[in-house]
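> Generate the whole structure from the sequences, applying the supplied hints.
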Amino acid sequence: MEIFKSIVLVLHLLSFGALLGVVIAQFKPAAQGAGKISKGMLHTSLALLLTGLLLVGLTYAVGNEPNNLKIAVKTAVLLVIFALVIMGRNKERVTTGYFGAIAALLAVNVALAVMW
1403 MEIFKSIVLV LHLLSFGALL GVVIAQFKPA AQGAGKISKG MLHTSLALLL
1453 TGLLLVGLTY AVGNEPNNLK IAVKTAVLLV IFALVIMGRN KERVTTGYFG
1503 AIAALLAVNV ALAVMW
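In the working numbering, the protein residues as written are 1403 to 1518.
Mimicking EDC-like on lysine to aspartate or glutamate, the simulated pairs with C-alpha atoms at most 16 Å apart in a straight line are:
1. K1407 with E1467
2. K1438 with E1494
3. K1441 with E1494
Derived Cβ-Cβ restraints for the label pairs, each shown as a range:
4. I1473 with A1427: 27 to 33 Å
5. S1408 with H1445: 19 to 25 Å
6. A1515 with I1426: 15 to 21 Å
7. G1502 with A1474: 22 to 28 Å
8. E1494 with A1474: 33 to 39 Å
9. L1507 with I1409: 23 to 29 Å
10. W1518 with S1440: 26 to 32 Å
11. V1482 with S1440: 17 to 23 Å
Simulated from the structure, these hints should not be mistaken for laboratory data.
Beta carbons are placed, not taken as given, at the ideal position from N, Cα and C, and that holds for glycine.
Quick look at the structure:
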C-alpha cells in the first residue's frame, strides 16, 4: 500500500509541476493579448484534485490520521484553482493577471503542504 501511495504522490507532484509549467508558458502570449487556458491546464488541475483526494484516502487506508484542517484548506485552494481554470476556458483571451492568480494559488498550496 505504501508503494501505491508513493506512486500517487509522484503523480500529484508531476501534476503540480505540469500545471505550473503550462501556466508560466502562457504569460508571454497573455501579455501579447493571446493568452488561453489550454486543455492541459484543465487536465492537470483535475489530476491534482484527484491525486490529492486519493492521497488522503490512502493515508486513512494505511492507518494514519491526516491533518483534516490542512486537507480542507488545501482542497479549498485547489477548488479555486480548478474553478479559475474552468471559467477561463470560456474566455477568448486570458490576462497575465489571471495566470498570475493561478500561479500564486499554486504557490500558496505548496507552501501549505510544506510549512503546515
